[in-house]
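Protein chains: 4
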Amino acid sequence: MAGSTLGNLFKITTWGESHGKGVGVVVDGCPAGLKLSEEDIQKFLDRRRPGQSTYTTARQESDTVEILSGIFDGQTTGTPISLMVHNKDSHSRDYREIASYYRPGHADFTFDAKYGFRDYRGGGRSSGRETIGRVAAGAIAAKILTSLGITICTYTKAIGPVSTTAFDINEITNNQLCMPDSVAAQRAYEYLDKCIATGDSAGGVVECIVKNLPAGLGEPVFEKLDANLAKAIFSIGAVKGFEIGSGFDAATATGLSHNDDFTTDAENNIIKTTNNAGGILGGISDGSDLILRAAFKPTPSISAPQATVNNCHENITVNIKGRHDPIIVPRAVVVVEAMTALTLVDAFLMNMGSRMDYLLHFDK
Amino acid sequence: MAGSTLGNLFKITTWGESHGKGVGVVVDGCPAGLKLSEEDIQKFLDRRRPGQSTYTTARQESDTVEILSGIFDGQTTGTPISLMVHNKDSHSRDYREIASYYRPGHADFTFDAKYGFRDYRGGGRSSGRETIGRVAAGAIAAKILTSLGITICTYTKAIGPVSTTAFDINEITNNQLCMPDSVAAQRAYEYLDKCIATGDSAGGVVECIVKNLPAGLGEPVFEKLDANLAKAIFSIGAVKGFEIGSGFDAATATGLSHNDDFTTDAENNIIKTTNNAGGILGGISDGSDLILRAAFKPTPSISAPQATVNNCHENITVNIKGRHDPIIVPRAVVVVEAMTALTLVDAFLMNMGSRMDYLLHFDK
Amino acid sequence: MAGSTLGNLFKITTWGESHGKGVGVVVDGCPAGLKLSEEDIQKFLDRRRPGQSTYTTARQESDTVEILSGIFDGQTTGTPISLMVHNKDSHSRDYREIASYYRPGHADFTFDAKYGFRDYRGGGRSSGRETIGRVAAGAIAAKILTSLGITICTYTKAIGPVSTTAFDINEITNNQLCMPDSVAAQRAYEYLDKCIATGDSAGGVVECIVKNLPAGLGEPVFEKLDANLAKAIFSIGAVKGFEIGSGFDAATATGLSHNDDFTTDAENNIIKTTNNAGGILGGISDGSDLILRAAFKPTPSISAPQATVNNCHENITVNIKGRHDPIIVPRAVVVVEAMTALTLVDAFLMNMGSRMDYLLHFDK
Amino acid sequence: MAGSTLGNLFKITTWGESHGKGVGVVVDGCPAGLKLSEEDIQKFLDRRRPGQSTYTTARQESDTVEILSGIFDGQTTGTPISLMVHNKDSHSRDYREIASYYRPGHADFTFDAKYGFRDYRGGGRSSGRETIGRVAAGAIAAKILTSLGITICTYTKAIGPVSTTAFDINEITNNQLCMPDSVAAQRAYEYLDKCIATGDSAGGVVECIVKNLPAGLGEPVFEKLDANLAKAIFSIGAVKGFEIGSGFDAATATGLSHNDDFTTDAENNIIKTTNNAGGILGGISDGSDLILRAAFKPTPSISAPQATVNNCHENITVNIKGRHDPIIVPRAVVVVEAMTALTLVDAFLMNMGSRMDYLLHFDK
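Going down the list, the sequences are from chains A, B, C and D. Mapping of the first sequence onto our numbering: position 20 corresponds to residue 20, and the numbering continues sequentially without gaps. Mapping of the second sequence onto our numbering: position 197 corresponds to residue 197, and the numbering continues sequentially without gaps. Mapping of the third sequence onto our numbering: position 354 corresponds to residue 354, and the numbering continues sequentially without gaps. Mapping of the fourth sequence onto our numbering: position 216 corresponds to residue 216, and the numbering continues sequentially without gaps.
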């Protein structure tokens with residue numbers, strides 16, 4: 001079944017493989033009248049580009065986005081925005097060997113199980129390159145949120161056993177790991193150096209905080225804001241865990257300590273005194289900061305030898321050649337931000353018809 | 001926007017509030033020819049019924065399900081199955097007081113923020129009673145899975161700080177907490193007794209294991225099996241975290257230890273030697289056990305005094321009267337199982353048209 | 001696959017068979033704050049009730065609707081509204097005979113072909129009784145439209161060869177055939193009397209006019225307003241044709257005569273001088289009256305003998321006993337109106353997020 | 001809201017405007033293992049290409065399709081197939097004049113009303129060029145149907161007042177009007193010559209017949225096969241009417257003459273002796289030929305002078321310059337075929353999970 005479309009009202013459809021002609025996305029349902037240029041999108045794409053640090057080596061491509069439709073006179077027209085990035089570095093390797101066996105931790109086996117065969121060149125559709133479409137679309141969603149005064153901050157919370165303890169927002173763009181803590185970043189470098197030395201790889205945690213989100217977003221029961229965020233984030237390859245607010249710590253807390261008391265602020269608005277809820281109560285945004293976290297598994301592509309089977313069902317040992325980032329997490333930061341932005345815009349639009357007074361006010 | 005419908009092909013729509021006439025669900029897309037009786041569904045509902053233990057006191061209702069449509073001669077007809085449970089214990093309290101303030105940890109505030117007012121009786125639509133529809137529908141999904149040889153085992157993995165360490169499947173139904181470990185259950189009882197004594201409450205973790213799931217379920221990119229499970233589970237009230245397989249532990253692992261090697265079994269089938277993936281690779285089931293976990297926050301309704309504001313924006317202290325289970329987790333076990341079953345049946349149906357040979361074989 | 005749910009934002013899910021416990025509908029996505037009572041819905045249901053004229057004899061039921069959820073203090077809460085009508089006149093006949101053969105013009109054969117068996121009692125899910133859910137939901141949609149100043153007028157345009165030529169809105173409720181032309185109604189009575197005399201039945205055309213619909217509703221390409229109306233109306237059993245505005249006459253017109261010129265009215269609004277478009281240009285409402293028509297085939301249940309096969313594949317002649325309305329069209333009038341109202345509310349909600357200025361205005 | 005995606009399981013998303021960089025479509029949900037080349041798609045596109053007859057003059061483009069993703073080793077992989085046609089003849093005109101007024105019969109006014117402004121170059125998204133995506137996707141759907149032994153034949157049934165009376169399948173590709181009747185084609189030429197002489201245009205009717213469609217396709221109530229066909233066909237610009245089988249003639253028929261009797265054929269299969277139903281009973285295919293018709297309005301672009309208003313709300317007379325085909329119908333034939341094929345493949349896939357025995361048989 002079709003699985004490459006996400007969203008109810010702000011809908012994106014991604015396409016493309018690692019080694020085809022390119023990757024792209026169609027963004028449909030974007031409100032008309034948003035000023036949008038290729039530069040707006042390129043800024044986001046540049047944040048996920050390979051080759052930007054010693055820890056994310058590899059593929060030498062500029063990943064330049066082209067807007068193919070949906071913009072006129074510098075503004076969105078309300079019709080589908082088609083975005084494409086051509087693949088350039090895609091014919092440089094021989095994939096015949098990789099075609100013959102199943103890489104541990106990859107989707108080679110499951111694609112074969114599902115479809116009977118697979119596009120084995122660079123992981124095909126299950127390549128990390130698929131996230132280009134998400135990030136390009138997310139840049140548009142983020143621009144809408146910015147127009148509405150909503151801001152998103154996303155960063156690396158932990159790499160392997162190294163967690164951040166300080167938070168300096170300026171530091172996020174100051175180190176190659178997108179960590180808001182320079183000391184932790186230093187320790188993470190050392191950890192990654194060890195991984196590289198042993199042909200191994202590391203995982204980590206990405207955290208995302210959304211400020212100024214209005215209360216009321218999210219639809220009760222199945223289209224809850226946290227449920228849709230969970231789906232959006234878990235649809236990113238390599239994610240194994242997802243949390244809102246207190247997350248798994250909630251399981252060991254007690255009600256008295258975990259419940260966030262309500263009070264009023266200086267302008268007599270109702271606010272919470274704490275934010276264990278992470279900004280969502282009953283699946284609906286509560287006006288506090290939205291806080292989410294995603295756990296990423298270690299990059300499955302490693303250069304150390306591994307045991308697996310080939311397509312003749314023979315046990316073999318493989319040394320996978322090619323690009324091997326010891327860590328995917330810093331490049332995933334912008335993907336998490338994109339998926340969050342996409343989910344929030346969709347939730348915002350879904351909420352616009354929630355009350356009769358909104359309809360009556362609209363119809364003037 | 002409509003948020004009470006879930007599923008692509010096996011679609012459920014729930015309705016009802018805590019203190020209305022009843023709660024129910026319409027299950028649409030159930031294949032014709034499944035033998036189904038009210039007893040099949042009642043068995044599941046009985047697992048979530050209040051009043052079954054000293055730790056889940058309260059509401060005295062039998063929650064008897066009635067099948068209103070979709071069955072003929074004891075079999076599903078392929079048309080919508082409408083299920084209803086009448087509310088019986090719903091007029092016993094005066095909710096005027098609760099209407100005047102926002103309970104910490106509840107959705108009172110966010111429903112007001114979204115809709116302008118709320119059905120304050122017993123939490124209205126955000127009541128735990130809403131899960132009756134999920135469980136009733138899940139019973140049907142579970143029966144389909146059973147027909148296909150797929151089995152689900154769900155249990156309490158942890159309550160507050162007490163984690164299970166042993167696993168005895170028979171013990172799950174042997175204690176009031178649905179724990180597969182009698183020693184842990186005993187310690188959890190003691191922990192809960194302390195919570196009750198202080199008017200406090202506890203959270204916990206539910207784990208679910210699915211056996212015999214075929215490889216190939218889940219659609220790449222956005223309809224990934226884990227993404228849809230994440231949404232389904234996170235749509236349950238009180239869930240704050242979700243994991244597949246190694247979950248958050250993956251973030252601290254390295255690629256070498258986390259990658260599951262492939263090998264062959266005695267029948268020459270390709271299997272994994274370990275299961276950190278939790279049965280899903282690239283969003284597609286890999287034939288191993290599917291393993292998921294959900295973290296539940298402590299029950300927000302507690303009898304200890306709490307600070308909050310009333311609807312005049314005045315700071316007050318409240319002592320919430322009424323039923324207060326110190327723990328919701330044991331009753332949530334069957335809800336997690338239901339949501340898992342619903343997601344798996346939908347994924348199974350979505351996969352049926354994935355290959356031309358399936359179509360050609362079907363069309364004979 | 002699930003086929004009983006319609007709508008993107010204003011979503012209805014119907015359930016129930018002719019001879020089960022009842023029929024119903026869940027309306028999800030209704031904006032909060034709409035005053036709604038059972039009487040609002042009953043008024044619509046009464047318009048489709050059998051036994052109201054000499055030409056629609058039969059089933060003696062009051063079809064009393066019960067609201068099961070979604071209303072609090074006389075207003076919609078924004079959560080699902082569950083409506084049910086119990087079947088009362090459902091055990092009066094022996095359906096064993098009908099079970100043994102395929103009635104011409106009915107869905108007996110196709111339900112068997114699809115599902116392997118069928119609920120043969122009174123047509124099961126393919127019974128006209130299924131429209132109760134549509135009409136009940138449509139009553140809610142119509143009340144929303146009324147709040148917005150949008151009005152719908154639906155009537156019988158033709159019965160068999162008898163077409164209306166005059167239009168008197170008061171006459172519609174003045175005759176048993178819902179015709180806005182008393183002379184035509186008289187001729188139609190005579191035509192129907194002849195049909196009854198020969199055990200035969202008649203078809204007809206229903207027309208629906210919507211006034212005061214704002215321009216801008218409908219989404220380009222696939223969610224065009226006319227496309228969604230076409231689907232909604234064609235989902236009514238017995239419909240064989242659908243038109244907007246000039247309809248099939250457009251095929252024989254020329255561009256010069258068919259194009260509606262634009263001009264301005266007294267308030268300097270842009271209007272069309274004619275309305276061949278029927279209120280829709282490019283799939284989007286243009287502010288003129290929306291005009292649609294549906295052709296209904298003659299009632300397939302007739303008392304005259306017919307040739308068919310039984311389930312042993314033997315050729316037989318049948319005389320179908322029981323209720324046989326010679327005409328279904330007058331009862332279908334309110335069904336067409338309901339489906340139109342449902343489609344328009346959905347289109348109205350879909351349009352609310354179409355422009356950035358709407359979002360910015362909403363977010364204050 | 002997003003309106004450029006169609007289909008439940010076999011899902012297409014089109015994008016692009018008349019004078020942007022190109023037009024395209026993403027086809028998602030195509031089963032893996034279908035042999036597919038650009039030639040397969042080009043054959044369909046060539047059938048809608050402008051400049052192929054004296055009656056469809058104009059735009060000189062080859063409309064060459066490029067497959068950007070989803071194919072590996074000449075077969076579909078099960079992942080999204082992205083198709084693009086570059087616009088080449090798109091900068092040849094000055095559209096400033098057309099930007100200043102509303103063309104009668106076009107969507108200029110409604111796009112402005114909806115979005116606040118419009119891409120006025122060549123009609124933007126409401127251009128007939130948008131159908132390229134539909135036809136390209138339809139070519140894939142048609143190839144799937146062919147694999148299943150299902151064939152579609154589509155042709156011009158009438159042009160203006162000239163209806164075909166004979167049917168010679170070979171004649172369809174033998175005249176420029178796609179009519180299966182050479183005598184009618186001759187008379188239609190003469191009619192069109194008159195239209196051209198007066199700067200006027202003509203409409204017409206397209207008919208489509210599908211053979212060998214299995215019984216059982218279509219989901220009861222809202223996803224009926226005829227309802228989805230109605231939506232698909234009515235989403236084509238310029239369609240004003242739609243019929244299945246007897247269509248509007250059903251309204252004047254009687255039950256006795258309209259009901260199709262059942263009998264058995266030589267192989268003891270149940271068949272209908274007539275086909276007024278047009279192959280669909282109760283929204284489900286009955287195994288007979290599927291027959292549908294669409295009425296197209298006359299091309300709104302004509303060279304004769306017309307009255308309209310400009311964007312200063314002044315009444316003006318316009319002589320629209322540029323390409324003016326006197327008839328759009330022959331080019332719409334392949335669009336109707338494409339939309340039919342897309343709907344049928346989706347219905348086929350939706351039906352695959354309709355019975356438990358199908359599931360049990362699949363899971364081997």
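Since the hints were derived computationally from the structure, they do not count as laboratory data. One should not assume that every hint holds.
One copy or any two copies: either way a pair holds, since identical chains are not told apart in the list.
To be verified - 30 Å max Cα-Cα, derived BS3-like pairs, lysine-lysine: (1) K88 - K321; (2) K321 - K211; (3) K88 - K21; (4) K88 - K211; (5) K194 - K321; (6) K88 - K35; (7) K211 - K21; (8) K35 - K194; (9) K194 - K21; (10) K194 - K211; (11) K35 - K211; (12) K43 - K21.
All values derive from a computational prediction rather than experimental measurement.
Here's how the hints hold up against the structure:
no. : hint        : result
1   : K88 - K321  : within (20 Å within a copy, 43 Å between copies)
2   : K321 - K211 : neither (43 Å within a copy, 35 Å between copies)
3   : K88 - K21   : both (8 Å within a copy, 20 Å between copies)
4   : K88 - K211  : neither (38 Å within a copy, 43 Å between copies)
5   : K194 - K321 : within (19 Å within a copy, 57 Å between copies)
6   : K88 - K35   : both (29 Å within a copy, 26 Å between copies)
7   : K211 - K21  : neither (38 Å within a copy, 37 Å between copies)
8   : K35 - K194  : neither (46 Å within a copy, 47 Å between copies)
9   : K194 - K21  : neither (36 Å within a copy, 49 Å between copies)
10  : K194 - K211 : neither (37 Å within a copy, 38 Å between copies)
11  : K35 - K211  : within (22 Å within a copy, 35 Å between copies)
12  : K43 - K21   : both (22 Å within a copy, 22 Å between copies)
Of the numbered hints stated above, those contradicted by the structure are hints 2, 4, 7, 8, 9 and 10, listed in ascending order.
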